[in-house]
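> All chains, full assembly: derive it from the sequences and hints.
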Amino acid sequence: MRAVVYKGPFEVAVEEVDDPRIQHPNDALVRVTSTAICGSDLHMYEGRTAAEPGIVFGHENLGVIEETGEGVTTLGKGDRVVMPFNVACGFCKNCSAGYTGFCLTVNPGFAGGAYGYVAMGPYTGGQAEYVRVPYADFNCLKLPQGTEKETDFVLLADIFPTGYHGNELADVRPGDTVAVYGAGPVGLMAAYSAMLRGASKVFVVDRVAERLQKAEEIGAVPVDFTQGSPAEQIREQTGGQGTDKGIDAVGYQAQAQGPDEDREEPAVVLNSLVDTVRPTGALGVPGLYVPSDPGGPDEQARKGMLMVAVGRLFEKGLRMGTGQCNVKRYNRHLRDLIIEDRAKPSFVVSHELPLDEASSAYEKFDKRVEGYTKVVLHPQAA
Numbered sequence: 167m168r169a170v171v172y173k174g175p176f177e178v179a180v181e182e183v184d185d186p187r188i189q190h191p192n193d194a195l196v197r198v199t200s201t202a203i204c205g206s207d208l209h210m211y212e213g214r215t216a217a218e219p220g221i222v223f224g225h226e227n228l229g230v231i232e233e234t235g236e237g238v239t240t241l242g243k244g245d246r247v248v249m250p251f252n253v254a255c256g257f258c259k260n261c262s263a264g265y266t267g268f269c270l271t272v273n274p275g276f277a278g279g280a281y282g283y284v285a286m287g288p289y290t291g292g293q294a295e296y297v298r299v300p301y302a303d304f305n306c307l308k309l310p311q312g313t314e315k316e317t318d319f320v321l322l323a324d325i326f327p328t329g330y331h332g333n334e335l336a337d338v339r340p341g342d343t344v345a346v347y348g349a350g351p352v353g354l355m356a357a358y359s360a361m362l363r364g365a366s367k368v369f370v371v372d373r374v375a376e377r378l379q380k381a382e383e384i385g386a387v388p389v390d391f392t393q394g395s396p397a398e399q400i401r402e403q404t405g406g407q408g409t410d411k412g413i414d415a416v417g418y419q420a421q422a423q424g425p426d427e428d429r430e431e432p433a434v435v436l437n438s439l440v441d442t443v444r445p446t447g448a449l450g451v452p453g454l455y456v457p458s459d460p461g462g463p464d465e466q467a468r469k470g471m472l473m474v475a476v477g478r479l480f481e482k483g484l485r486m487g488t489g490q491c492n493v494k495r496y497n498r499h500l501r502d503l504i505i506e507d508r509a510k511p512s513f514v515v516s517h518e519l520p521l522d523e524a525s526s527a528y529e530k531f532d533k534r535v536e537g538y539t540k541v542v543l544h545p546q547a548a
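If you read the sequence shown in the working numbering, its first letter stands for residue 167, the second for the next number, and so on.
In case anyone wonders, no lab produced these hints; they're calculated from the structure. On a predicted model such as this, the values are computed, not experimentally measured, just so you know. Where hints are given, some of them may not hold.
As the list claims (entries may be wrong) - Dumping the calculated BS3-like pairs for lysine-lysine here, alpha-carbon to alpha-carbon at most 30 Å:
1) K510 to K243
2) K308 to K510
3) K510 to K173
4) K243 to K315
5) K259 to K510
6) K315 to K530
7) K173 to K243
8) K367 to K510
9) K533 to K315
10) K259 to K315
11) K308 to K173
12) K367 to K482
13) K533 to K173
14) K315 to K494
15) K494 to K482
16) K494 to K243
17) K469 to K530
18) K510 to K533
19) K469 to K482
20) K510 to K530
21) K494 to K367
22) K510 to K315
23) K173 to K367
24) K367 to K469
25) K243 to K308
Structure below.
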């Protein structure tokens with residue numbers, strides 16, 4: 167089959183790779199109809215992880231079941247399904263508690279597994295014509311048959327639940343004011359989710375004009391950090407108090423603020439949120455942080471150690487929740503919001519392309535050019 171293969175920093179190629187096959191009675195084989203490029207994929211694409219050439223990328227996958235193992239009981243050929251980026255067993259201690267992003271079964275020695283991602287287990291990614299889904303009864307979410315709302319449903323694999331997860335981590339409640347740092351796909355989904363949860367006012371911080379415009383279009387207040395301290399800009403619009411809650415949708419590749427804005431400053435968003443959120447508020451951090459970063463700007467950052475204002479965090483009595491999204495906790499009810507036209511997350515999708523255009527799409531998405539905010543690839547397209 168054809169698949170997107172990592173060749174080295176800033177290079178992917180669509181190549182022929184081995185077809186997946188049923189390896190266990192609980193497996194399903196899915197013919198992929200939509201698969202999205204994620205900002206997390208860019209960390210590997212840029213050489214900012216320990217990813218080795220040869221990985222097939224792709225953890226945001228939707229398609230139609232072609233075959234099931236004899237142990238699969240709730241699914242059959244022809245079912246349209248979307249898979250959480252988390253590969254999970256459904257029965258370990260963490261999965262049983264709802265922490266499917268930290269499954270203890272699927273990736274021995276590590277809490278959590280995913281498709282097509284470094285250190286997340288042996289699961290081939292779905293930026294390909296087919297993908298094998300282990301523990302299929304647990305990991306496949308059924309969708310209405312047909313092709314309707316395809317670009318909405320594919321976002322259930324990761325960024326819609328992840329944006330919602332940021333709100334859960336920050337305990338966003340009706341009436342809250344919320345600051346979201348980052349207007350990429352996850353940041354926009356976090357802002358959108360805050361509104362779905364009844365937030366009274368949502369600020370979105372970024373410097374890319376097209377992304378800030380997207381935030382404004384959904385009713386958020388755009389804050390351009392090139393125009394001055396975002397924390398100060400937000401305090402000026404909240405009576406000097408700051409927001410009730412804050413969400414980091416950027417992670418460790420954050421850009422510095424001020425005259426050195428093209429320099430990376432891995433802790434700048436965390437520290438800005440400490441300044442932005444009022445005393446006794448809460449922070450949600452779904453933005454990715456890693457234990458090692460080969461491209462970090464200094465020795466400590468390369469070890470995953472950042473200079474965060476913990477003293478100020480403590481002084482203000484702030485709470486902070488972190489960690490990757492447990493997609494299964496949210497995807498069913500978010501799916502139902504989409505079905506009932508109560509949510510339409512596909513507003514973030516800027517491009518739908520055939521798989522063969524993946525290399526160009528990665529390059530343009532990485533450079534944030536030509537309006538690239540979210541790319542969905544269609545492996546079955548001509």
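> State for each hint whether it applies.
Now the hints, each set against the structure:
no.: 1; hint: K510 to K243; result: holds, 28 Å
no.: 2; hint: K308 to K510; result: holds, 18 Å
no.: 3; hint: K510 to K173; result: violated, 35 Å
no.: 4; hint: K243 to K315; result: holds, 21 Å
no.: 5; hint: K259 to K510; result: violated, 34 Å
no.: 6; hint: K315 to K530; result: holds, 25 Å
no.: 7; hint: K173 to K243; result: violated, 34 Å
no.: 8; hint: K367 to K510; result: holds, 20 Å
no.: 9; hint: K533 to K315; result: holds, 28 Å
no.: 10; hint: K259 to K315; result: violated, 34 Å
no.: 11; hint: K308 to K173; result: violated, 34 Å
no.: 12; hint: K367 to K482; result: holds, 22 Å
no.: 13; hint: K533 to K173; result: holds, 18 Å
no.: 14; hint: K315 to K494; result: holds, 20 Å
no.: 15; hint: K494 to K482; result: violated, 33 Å
no.: 16; hint: K494 to K243; result: holds, 22 Å
no.: 17; hint: K469 to K530; result: holds, 29 Å
no.: 18; hint: K510 to K533; result: holds, 26 Å
no.: 19; hint: K469 to K482; result: holds, 28 Å
no.: 20; hint: K510 to K530; result: holds, 25 Å
no.: 21; hint: K494 to K367; result: holds, 28 Å
no.: 22; hint: K510 to K315; result: holds, 9 Å
no.: 23; hint: K173 to K367; result: violated, 44 Å
no.: 24; hint: K367 to K469; result: violated, 37 Å
no.: 25; hint: K243 to K308; result: holds, 12 Å
When held up to the earlier numbered hints, the structure conflicts with 3, 5, 7, 10, 11, 15, 23, 24 and fits the remainder.
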